[in-house]
Amino acid sequence: KNEVEQSPQNLTAQEGEFITINCSYSVGISALHWLQQHPGGGIVSLFMLSSGKKKHGRLIATINIQEKHSSLHITASHPRDSAVYICAVLKETSGSRLTFGEGTQLTVNP
Amino acid sequence: GAVVSQHPSWVICKSGTSVKIECRSLDFQATTMFWYRQFPKQSLMLMATSNEGSKATYEQGVEKDKFLINHASLTLSTLTVTSAHPEDSSFYICSAAGGLNYGYTFGSGTRLTVV
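Residue numbers (our numbering), protein chains in the order written: chain A, 2 to 111; chain B, 26 to 140.
Calculated directly from the structure, the hints in this document are not laboratory data.
Note that this is a predicted model, so its numbers are computed, not measured.
Not one of these hints is a red herring.
Chain A is faced by these chain B residues, among others (derived, beta-carbon under 7 angstroms):
#1 57
#2 68
#3 69
#4 116
#5 122
#6 128
#7 129
#8 131
#9 133
#10 134
The beta-carbon is built from N, C-alpha and C at its ideal position, and this holds for glycine as well.
In isolation and in its complexed conformation, chain A is listed as follows (with noise of 0.2 angstroms):
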């Protein structure tokens, strides 16, 4: 068993639907970043976590670490959104390395 899952392993949404993924972990962390990689394969970091949530634009992250969850939530998608979504964690253990769920693909159409 992955200590990251993520569910689900594929999205498909029509535009303005609201959108959730989840992540769970098996680990001790001491964060969880949420990142996005569009199609040409570049990544980028939508959130760093430790605890509660955060919000950026239509984006939202919460994290329960008691539950070992955390969720992604995009509000009014749009075609745009279209990407994969990684959820990954910094274990207690492992120093500066993240370790990577599988990922959500994410298809927004119009």
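For this one, chain A is given, so just place chain B on it according to the hints.
Quick look at chain B alone, frame taken from chain A:
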């Protein structure tokens, strides 16, 4: 914000030749640089971790003589794929860690095709 410039974005080379990929942190000092490889539809696979001025730490199964990593300054790290073979064809991407304020900043990636 923090930017990591990665070059080239794509390269095609002949079997047996070497290819150098550069990652530069443009507005911060990257104390640690991570090099990843990614196959289609798969997650990032860490190849090695480099710290400025010291030898890189390679992950198990990654040949250090084949994938040469140099981190000579706080703003530049390079990955050289030596004697490239078609099975080395992949997407390579770097990520710089420059302290808590910057988190992790990724390069734009290099798509390597060995023919």
